[in-house]
Every structure is written in structure tokens, then in C-alpha cells.
Amino acid sequence: MRRLRLLLVYVRASALGELAYRANFFFQILQSAVELATAVAALSVVFAYTDTLGGWTPDEVLALVGVFFLVGGAIRVVIEPSMEQLIESVHDGTLDFTLTKPEDAQFLSSIQRADIWKLTDVALGAAVLALALVRMGTRIGAGQVLGFCGTLAAGGVIVYSFWLILATLAFWFVRVGNILVVFQSMYEAGRWPVNIYPRWLRFGLTFIVPVAFATTVPARALAGGLSPAALAGACALALVLLVLSRLFWRAGLRHYAGASA
Amino acid sequence: MRDFAAIYLQQFRTTFASFVQYRASILIWMIWHILEPLVYLVVWSAVAASGGGNVQGFTARDFSAYFIVLMLVNHVTYTWIIYEYEYRVRHGSLSMALLRPLHPIHADVIDNVSSKLITLPMMLLAAGTLGVMFRPAFHTTAPSALLFLPAIVLAFSLRFILEWTLALAAFWTTRVSAVNQAYYVAALFLSGQMAPLALFPPAIRDTAAALPFRWMISFPVELLLGRLSPAEAWEGLGAQAVWLVAALVLMRAVWRSGVRRYSAVGA
Numbered sequence: 001m002r003r004l005r006l007l008l009v010y011v012r013a014s015a016l017g018e019l020a021y022r023a024n025f026f027f028q029i030l031q032s033a034v035e036l037a038t039a040v041a042a043l044s045v046v047f048a049y050t051d052t053l054g055g056w057t058p059d060e061v062l063a064l065v066g067v068f069f070l071v072g073g074a075i076r077v078v079i080e081p082s083m084e085q086l087i088e089s090v091h092d093g094t095l096d097f098t099l100t101k102p103e104d105a106q107f108l109s110s111i112q113r114a115d116i117w118k119l120t121d122v123a124l125g126a127a128v129l130a131l132a133l134v135r136m137g138t139r140i141g142a143g144q145v146l147g148f149c150g151t152l153a154a155g156g157v158i159v160y161s162f163w164l165i166l167a168t169l170a171f172w173f174v175r176v177g178n179i180l181v182v183f184q185s186m187y188e189a190g191r192w193p194v195n196i197y198p199r200w201l202r203f204g205l206t207f208i209v210p211v212a213f214a215t216t217v218p219a220r221a222l223a224g225g226l227s228p229a230a231l232a233g234a235c236a237l238a239l240v241l242l243v244l245s246r247l248f249w250r251a252g253l254r255h256y257a258g259a260s261a
Numbered sequence: 001m002r003d004f005a006a007i008y009l010q011q012f013r014t015t016f017a018s019f020v021q022y023r024a025s026i027l028i029w030m031i032w033h034i035l036e037p038l039v040y041l042v043v044w045s046a047v048a049a050s051g052g053g054n055v056q057g058f059t060a061r062d063f064s065a066y067f068i069v070l071m072l073v074n075h076v077t078y079t080w081i082i083y084e085y086e087y088r089v090r091h092g093s094l095s096m097a098l099l100r101p102l103h104p105i106h107a108d109v110i111d112n113v114s115s116k117l118i119t120l121p122m123m124l125l126a127a128g129t130l131g132v133m134f135r136p137a138f139h140t141t142a143p144s145a146l147l148f149l150p151a152i153v154l155a156f157s158l159r160f161i162l163e164w165t166l167a168l169a170a171f172w173t174t175r176v177s178a179v180n181q182a183y184y185v186a187a188l189f190l191s192g193q194m195a196p197l198a199l200f201p202p203a204i205r206d207t208a209a210a211l212p213f214r215w216m217i218s219f220p221v222e223l224l225l226g227r228l229s230p231a232e233a234w235e236g237l238g239a240q241a242v243w244l245v246a247a248l249v250l251m252r253a254v255w256r257s258g259v260r261r262y263s264a265v266g267a
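Just so you know, the sequences run in chain order A and Z.
Counting in the numbering used here, the first sequence runs from 1 upward without gaps.
Counting in the numbering used here, the second sequence runs from 1 upward without gaps.
Everything labelled a hint here was simulated from the structure, so no lab data went into it.
Idealized CB from N, CA, C, for every residue including glycine.
There may be inaccurate statements among the hints.
Unchecked claim - On the chain Z side, residues computed to face chain A include the following (Cβ under 7 angstroms):
#: 1; residue: S25
#: 2; residue: I28
#: 3; residue: I31
#: 4; residue: W32
#: 5; residue: L35
#: 6; residue: V39
#: 7; residue: V43
#: 8; residue: A46
#: 9; residue: V47
#: 10; residue: S50
#: 11; residue: V55
#: 12; residue: A178
#: 13; residue: Q181
#: 14; residue: V185
#: 15; residue: M194
#: 16; residue: A195
Pulled out of the complex, with its shape left as it was, chain A reads as follows:
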């Protein structure tokens, strides 16, 4: 409960800072809309020549694009800015201030900055997802909704843990800002169903840079094509990565010398 309150306080602080630049909101809406229109146009070019892509119908891929924007937006609202800030603060030593606060430093570091305008991606993604579901016309059962929420939560945890592991590398290598580009560019591949990719790339997108769990898996769950075993597997992986990222964080912190602050 305390953590939730803290989260709201931090988000409010970021929001107040951003509200001074209200024009940014309209530009962000415009940019998100253009990006979405581009994605949909690309789909329409592809589906002008085929009815299914790797076994996915056009509406299922549209739902996937919705999930892709939704999750991508969520990452860009809080995970990405906070992790960039974390790397920066390890580099210039300002992490000291976070460490002196009477709350878990990993938690504080993970929510320290929010880019609220990126919520437009979340909203647009949700809208596209809803549109795709309406177009599919099938009734979505409680099982599918549950599977979708479960895999989405697991995907979120997996992505967060992965980012945290990457960011904690800063404790050892200091200059790792560029490594985040690896995730950002791999994430782009997640706007298409991962099962169309050759095996090595599918493996990479599933287990090395876990993009598939954030996009393809929830979209599949919603279309009802996910076995309970796969759902359990996603949750198990989320748990393992969460623990692993915590261990990384603790080992990294022991290595932190608080240079120059």
C-alpha cells in the first residue's frame, strides 16, 4: 500500500513537471497516431497479397499490433526513463541520494521518472486492440481474458526484469546507455507474430531478449490459442527473471562505490 502511494507521488511529480509543456501532449498524440497509421498501412500492404500470415488472420495481427503499442507505451512511460536515469545516476554518483532514502532502492530507482505523454501509446494500443476484437466478432470467454491478463502481467514482469538486468550492468561497466538500443530495436520485431521468424531468431526473441512474451504471447492468449502449460511457463519465467534481476541488483550494489557524488 505504501509502495502504491509512493508510486503515485512519483508519477504526480513527473506529471507536474511535464504539464508545463502542454504542447508536447499534442505532438505526442500526433506522433503516436502517425506511428500507428504506419503500422496499419504496413499490415494492409502485406494482407493485400495474402489471407493469413504464419497462421494469423489480419484481425489477429491487428490485435497483436494493439498489444505491441500497449506494452511498448507502458515500457516507455516508466521503465525506460527510470532505467536510463538509473544508468545515469550510477555514472555520476547521484545514486547515493536514492540509497539514503528509507525505502527499497531498487523500487525507487524503478519508478523515479515517468514520461506521462507516452500514455498516448497505451491508449491508442488499447483502442486498436478493442477494434480488432470487435472485428473478430467472436465472443471472448472469461478464460481468454484471464489468459490475456495473466500473460500480459507476466510479459510486463519479464520485460522489467530484463531491463533491470541490463541497467545494473552499469555498476560494472559504467557506460552502458547504448546497450538499451539492443532491446529497443529487438522490440520492433515484436510487431509481427514471432512464429514467422526462422528458428534462431524466434529463440533469440523469446529467451535472449524476451520480446515474444510481451507481444505475441498475450495476443495469442486473447485469440484463444494458448495452452495452460504455456501460460504457466510464462508465469514461471517471470518469477525466475524477477528473482534473478533482484540478485543482479544486490550484487551490483555491492560493487557500487559512489564515485564523485
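Let chain A serve as the given structure and place chain Z on it in line with the hints.
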């Protein structure tokens, strides 16, 4: 002319040496250049496989060849100048460049070429690896391979000057990222990065041919793959040359009025 060459050589030595220090970051940025064409390669191969093995004259192996060559052409011709200029104008670091007795575009050309000397061997290796995996089909002929050389040089020059001119938008607006996005989206479809232009409706194909986008990327690709007749190849080289001259004229005009607006904030 001799002095000019000496300046180029010296600047090149310094820039190259500093880029070698940052090689890890430069190599990380390459991932995007490999992955984007690879994604479309896979998507279109899947489409070709489900559509009876052929999409508008492209088989899966034709798509492989198209996107592997596209990957190289895109990499050779790309610039990051639009991001860079926003920073220069905002932080006032452009002032330094203005003091030098040489047009600032020369330093940018050298920057661009230096970084590519580091990445190109890796890109060729990536292209070779993808070539083994996806078994591309080439219909290259000797004349088309020969004409590819001037085509790629013209494509690089055209794209460089055009993006450099576009980057000057930073003199007038702080919303350069919006300008960049609009340009990126147009280029994605009109320069053949998302799909070969032959797959688009005629209206879009004609638009692409009337604008510079096609001549910056997809024309050299189609030329090397042997998909163009000799007449089309020469027409294309002509279009590239005309656009290059137009871009140079535009650049001069925009640069002159832009520099007049520049007030070196914060420097």
C-alpha cells in the same frame, strides 16, 4: 584543390581515430540496420510461401535478395544528421563549426564515411550470413553491376544532401523529431524499405518515382538485382543526377537563410 584534399585527409584521420574508440556503440547501433530489413524479408517470404510461391513476380528467394541488398544500400546511404543538428543548434556547438574556414558539411561527410568504414565489414559479414541462410536469387548482369557503382554514389550523395538540408529545419523549429518522423514514414514506403515498390498500387509507385525517395534507396537495389531494363537504368541515373542538382541548390538556399536566423543560444 591540394589544400582541400589535405584538409579532408587530416580531418578523416582524426575522426576515424575517435570513432575507433567508440566502436562498441557504433556496432550496437548496427543491430537496427540488420534487423529491420530482416523482419520484412521474413514477412514477405512468408507471404510468398502462402501465396503459391510468388508475389507480383517476387519469389521467396527474390525477396531474400531484395532485402539483403536493401540492407547494404540502406546502410551505405544512411545518415544520423537530423538528430545531430537539433543538438548542435540547441546547444550552440554549431558556432565552433561556423568559425572554421570550410563549409560544415565537409566535416559531416567525413564523419559519416569514417563510421561506415568501421561498420561496413560487419555489415558485409551479416549480409553473407543472411545469404547462406535465405539463399537469395540474383539476376545480376554485367552492365547492371557496372551501373550500380555510379548509382550508389549518386544515391549516397543525394540522400546525404537532402537529409542535411532537412536537418537545417532545426534553425526554425525545436520539433525536429516530428520532422524526422514524417520523413522516416515517407521513406519507409516510398523508398522501398518496407516492400519492393512493384508491390504498391500504381498511384504510390508514380509518387515514389516523382519524389527523390526511390532514387535514394530502391533504384540502386533493383538495378543490382537486374530487375531493370537498360533504358530504365539510364533513366534512373538521369533522375538521380537531376535530383542531386536540385538538392544542392535547395541546400545552398536553406543554409544561407538558416545561418542568418541562428543566434547561438547558450554557447
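ask   = Against chain A, with CB atoms and a cut of 7 angstroms, does the hint on Z/V39 hold up?
value = holds, 5 angstroms
request  = Using Cβ atoms only, decide whether Z/I31 comes closer than 7 angstroms to chain A, and label the hint accordingly.
outcome  = OK, holds: Z/I31 within 7 angstroms of chain A, min 5 angstroms.
request  = Using Cβ atoms only, decide whether Z/W32 comes closer than 7 angstroms to chain A, and label the hint accordingly.
outcome  = holds, 4 angstroms
request  = Please verify that hint: Z/V185, Cβ, nearest Cβ of chain A, below 7 angstroms or not.
outcome  = holds, 5 angstroms
task = Closer than 7 angstroms between Cβ atoms is the bar; does Z/A46 clear it against chain A? Give me holds or violated.
result = holds, 5 angstroms
message = Given a cut of 7 angstroms on the nearest C-beta pair, is the interface hint for Z/S25 held or broken against chain A?
response = holds, 4 angstroms
query = Does Z/A195 pass the interface hint, meaning its C-beta sits closer than 7 angstroms to a C-beta of chain A?
reply = This interface hint holds because 6 angstroms falls under the 7 angstroms limit.
query = Can Z/L35 be said to touch chain A, with a Cβ gap under 7 angstroms?
reply = Given a least distance of 5 angstroms, the restraint on Z/L35 holds.
Z/I28 as chain A interface residue, shortest Cβ-Cβ below 7 angstroms = OK, holds: Z/I28 within 7 angstroms of chain A, min 5 angstroms.
query = At a threshold of 7 angstroms, is the proposed contact between Z/V55 and chain A supported by beta-carbon distances?
reply = holds, 5 angstroms
inquiry  = For the restraint on Z/S50, tell me whether the closest CB of chain A is nearer than 7 angstroms.
reply    = holds, 5 angstroms
request  = Under 7 angstroms, Cβ to Cβ, is where Z/Q181 needs to be relative to chain A, so tell me if that hint holds or is violated.
outcome  = holds, 6 angstroms
Taken one by one, the earlier hints all hold for this structure without exception.
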